[in-house]
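Trainee: What follows is the residue order along each chain.
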Amino acid sequence: MHIVRDLLDKQLIDVNWQHMGRIDGLTMDVPPGEQPRITTLCVGGTVLTRRLPGFVGRWASALVERYGVRRGVPFRIPWSKVMRVDRVIRVDVNSDESGAMASSHWVRDHIIDRIPGA
Amino acid sequence: MPGEPIPVEHLLSRKVLDPSGKSAGRIEEVRATPSEDALLVYQYDLGPAALLERLAVGLRAFSLLRKLGVGPEHRGRCVPWDKMDLSDPHQPRITCAREELHPIED
Amino acid sequence: MKKLLQLTLGIVTSIGGFLEVGSIASSSQAGASFAYQLIWPIVLGTIVLIFLVEMSGRLAAVSKLTVSGAMRDRFGFDYFVVPLATLSIVIYLVLAAEVGGAAFALQLVTGISYRWWAVPVALFAWFLLWKGPFALVERWVPLFGLVTLVFIVGAVKLGPDWSAVAHGLVPTRPSHDKAHYWFLVVNILGATIAPYLMYFYSSGAVEGKWDESYLNINRFIAVLGMSFGGLLAIAVLVSSAAVFYPAGVKLEGYDQIALMLTGALGSWGFYLFAASLFIGCLGAILEIALAVAYMTSQGLGWRWGQDEEPRQVPRFVLVYTALLALAPWLIVLGISPLAVTSLSMALTAATLPVAIIPFIVLMNDPVYAGKHTNGWIGNVVVVFTIVMACILAVVTIPLQLLGGG
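Protein chains in written order, with my numbering: chain A, 1 to 118; chain B, 1 to 106; chain C, 1 to 405.
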């Protein structure tokens, strides 16, 4: 498997076939002397903002940490939860219940629901 | 700090140096074997300019340019996991000379 | 039959692309200043759009991905953030211009200053998106958009010199005022080849659940839809040329442009012009707001869809809401709508390469285009467009300064 070609930036869908963000980053453990292991998929938080260059990245990350719903902490999915790798990556997670959709739910509760006629 | 988990996306496009300080290319791809609870990394693909590569239709575009006598001098090379030193993730190094690396086979 | 109805997607894309304020303004100015000499950029823009729109539809049908989704997928966030950021800024200006155009149409009819209409227009557009399904934009806009056929009726009634019109289909040397000539060429191309059309069209295709069986109808829609728009833009130019060129009028405001149909159609012409301007701009507003919401949501992996309940797709809704909330203020502040329009077209032309270069890669990559990668004609057109876009990007700002109306 090619990490960049097949996993990074690809769309994630949850156990109910709903969109739940993209793989914004992956975490790799490098135990000394052993083969490196990629264990976790990361979504949201400051994972994306840290990929931006220079002060733009630092400034954007600071904003997310200050005002983000999860204070910049990304949602992590262990590799063991990955069900299928295809054009989209299906994971054994219920995105609405697990906190993966925290900012989406926040927008829904604080903005969408406040608009008349919602 | 060695031993801390590394965000893989930060390795992309990083220049890799060999022991004599020469550039061996930039990390373009990481290959891994999936297992039950992790992906085991076995190889890093290096290339001349990662963003340009991702934009172009792959190394073939550059190999065509090389055949014509123009184009970047670093070809696509692969680094087996045990030759990559990530103790400083901001400056990845290979533990062998860059000439010892094999070209990427697809 | 259902597939044939998708023709409306093509028509609405076309209206939002061709009959919006930028096209009306630049085509009118072109006709007034250079008679029929500048028909060829409209033709060129139409041909390029036919190919780009067909490719967007093909990409959506084969990969089930939209253009922006495929861009993030294939090139990663590190590249994607560039078109996302630049397009968002440019598109805000285009949106402000369209709000100005629709507001002006209302001024023509009611006499109340366009500055008062800007906020109601944005609110109305938002309400249509909030309450309406995708079919509202896809079916009703083209239906009302048929009022724009009045431009063709008007153009024919004015009895222009048809051989001169035919000559205008080919590029000729400008007889005078070279800088202004090329400024208008850039404006016409920038008004016509708008990247947001591709994001909108491919998202519409995915909302319509297209698959490979739609490939033929997609070609048909692209050709017919864009040709419809191009023909209308030419009609605007011809009318303007017949009415304003002989009198040597220099068009400086929309109120002058509005008179173009009164010669042929009397006072009806005036009101029909206003109606056409309104529906063209409204269509563009809806398309642009949706295009940005699509691009952001698809690129960041959020849930999206105009056919979904707003509660299901909160961040998607937030994007178009925020955009429409910000849109009217440049106009309310009294900045000249024509100036905003001109600047927005110039910047669209300047940022075209960023949006189009990924296209040639995507449409040749079997992972995304399957067995239906570009043929050599398609690739030639895209490469030509990229080269043209790069040239436009370089010359557009100097021309704006040198040749601006």
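There's no promise every hint is true.
[Said to hold, decoys possible] From the derived model, a few chain B residues whose C-beta atoms are all more than 12 angstroms from chain A:
1) PRO7
2) HIS10
3) LEU17
4) PRO19
5) GLY21
6) ALA38
7) GLN43
8) ASP45
9) ARG77
10) ASP82
11) SER87
12) CYS96
13) ARG98
[Claimed, not checked] From the structure, some residues in chain A lie toward chain B, with a derived Cβ separation under 7 angstroms:
14) LEU26
15) ASP29
16) THR49
17) PHE55
18) MET83
19) ARG84
These aren't lab readings, by the way, just hints derived from the structure by calculation.
We treat Cβ as the ideally placed atom computed from N, Cα and C, and that holds for glycine.
Trainee: Against this structure, judge whether each hint is valid.
Mentor: Taking the hints in turn, this is what the structure says about them:
1. PRO7: Its Cβ does come within 12 angstroms of chain A, the nearest being 5 angstroms, so this is violated.
2. HIS10: Given that some Cβ of chain A is not farther than 12 angstroms from that of B/HIS10, nearest at about 7 angstroms, it is violated.
3. LEU17: Check passes; 18 angstroms lies beyond 12 angstroms.
4. PRO19: The claim holds: B/PRO19 sits with its nearest Cβ about 19 angstroms from chain A, beyond 12 angstroms.
5. GLY21: Label holds. Min Cβ-Cβ 22 angstroms, cutoff 12 angstroms.
6. ALA38: violated, 4 angstroms
7. GLN43: violated, 10 angstroms
8. ASP45: For B/ASP45, whose nearest Cβ neighbour in chain A is about 8 angstroms away, the distance does not exceed 12 angstroms, so it is violated.
9. ARG77: holds, 16 angstroms
10. ASP82: violated, 8 angstroms
11. SER87: Per Cβ check, B/SER87 is inside 12 angstroms of chain A; nearest 8 angstroms; violated.
12. CYS96: Given a closest Cβ separation of 17 angstroms, the condition holds.
13. ARG98: holds, 21 angstroms
14. LEU26: holds, 4 angstroms
15. ASP29: Holds - the Cβ of A/ASP29 comes within 7 angstroms of chain B, reaching about 5 angstroms at its closest.
16. THR49: violated, 12 angstroms
17. PHE55: violated, 17 angstroms
18. MET83: This hint is violated: A/MET83 lies away from chain B, its Cβ roughly 12 angstroms from the closest one there, beyond 7 angstroms.
19. ARG84: A/ARG84 check fails; min Cβ-Cβ to chain B is 11 angstroms, beyond 7 angstroms.
Violated hints for the displayed structure, listed by number in ascending order: 1, 2, 6, 7, 8, 10, 11, 16, 17, 18 and 19.
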